[in-house]
Amino acid sequence: MRTAALLFFLSCIAPALAQNDASPAVAPDVVCRPFGPCEPCPDDALHEPFCQPFGNRRLMHCTSTYRIPYDSKIPPDHGIMRHSSDPPQGETPAWESCGRIVVQERADFWEFVACNVLFASIGLFLVYARSKKIQALQARNLAARIGLIRGGSG
8 MRTAALLFFL
18 SCIAPALAQN
28 DASPAVAPDV
38 VCRPFGPCEP
48 CPDDALHEPF
58 CQPFGNRRLM
68 HCTSTYRIPY
78 DSKIPPDHGI
88 MRHSSDPPQG
98 ETPAWESCGR
108 IVVQERADFW
118 EFVACNVLFA
128 SIGLFLVYAR
138 SKKIQALQAR
148 NLAARIGLIR
158 GGSG
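Quick note: to get this note's numbering, add 7 to the position in the sequence shown (first position is 1).
Be a bit skeptical, because a hint or two may be false.
[To be verified] Computed spacing ranges between beta-carbons, pair by pair:
no.: 1; residue 1: A143; residue 2: Q59; range: 55 to 65 Å
no.: 2; residue 1: S138; residue 2: E103; range: 55 to 65 Å
no.: 3; residue 1: S128; residue 2: H54; range: 35 to 45 Å
no.: 4; residue 1: L66; residue 2: E118; range: 22 to 32 Å
no.: 5; residue 1: S138; residue 2: P41; range: 51 to 61 Å
no.: 6; residue 1: L144; residue 2: V124; range: 28 to 38 Å
no.: 7; residue 1: L125; residue 2: W102; range: 55 to 65 Å
I should point out that these hints are in silico values taken from the structure, not numbers from a laboratory.
Just so you know, even glycine gets a beta-carbon here, dropped at the ideal spot from N, CA and C.
Make the full structure from the sequences, and use the hints.
Right, here's the structure in full:
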């Protein structure tokens with residue numbers, strides 16, 4: 008009985024022990040830093056993971072933490088002039104997901120408020136016009152009941 012209980016106990020904890028990895032965590036070999044503000048994703052990239060969940064992205068410049076030794080015989084730029092918007096040599100451009108853009112959210116909020124004010128104004132105008140029409144109809148019916156309206160020919 009004890010042996011069966013011990014075997015059952017060991018069979019239960021064996022998968023948990025197997026999943027525990029004794030190796031220390033390895034530091035990432037790529038370091039990324041933000042480059043520029045958040046911007047809306049274009050329509051053709053909205054399905055990409057870096058455009059989720061808000062549809063905004065930010066350019067990142069990523070560099071490897073592994074450094075290639077500098078060879079003094081070869082100049083770093085190889086005599087090629089780079090454009091100022093190109094990332095420096097050894098950097099890779101990438102995208103990251105970012106939160107909401109405050110300016111865009113504020114503009115969307117005021118657009119929402121303006122639409123609500125417009126709909127409320129139209130609704131109030133229609134209620135006012137309808138109430139005036141009903142009031143005139145009721146006044147005409149009352150006048151006909153008490154005999155204020157006389158027949159045309161006499």
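These are the hints, each one checked on the structure:
no.: 1; hint: A143 with Q59: 55 to 65 Å; result: holds (58 Å)
no.: 2; hint: S138 with E103: 55 to 65 Å; result: holds (57 Å)
no.: 3; hint: S128 with H54: 35 to 45 Å; result: holds (39 Å)
no.: 4; hint: L66 with E118: 22 to 32 Å; result: holds (27 Å)
no.: 5; hint: S138 with P41: 51 to 61 Å; result: holds (58 Å)
no.: 6; hint: L144 with V124: 28 to 38 Å; result: holds (31 Å)
no.: 7; hint: L125 with W102: 55 to 65 Å; result: violated (37 Å)
The structure is inconsistent with hint 7 alone, although it conforms to all the rest.
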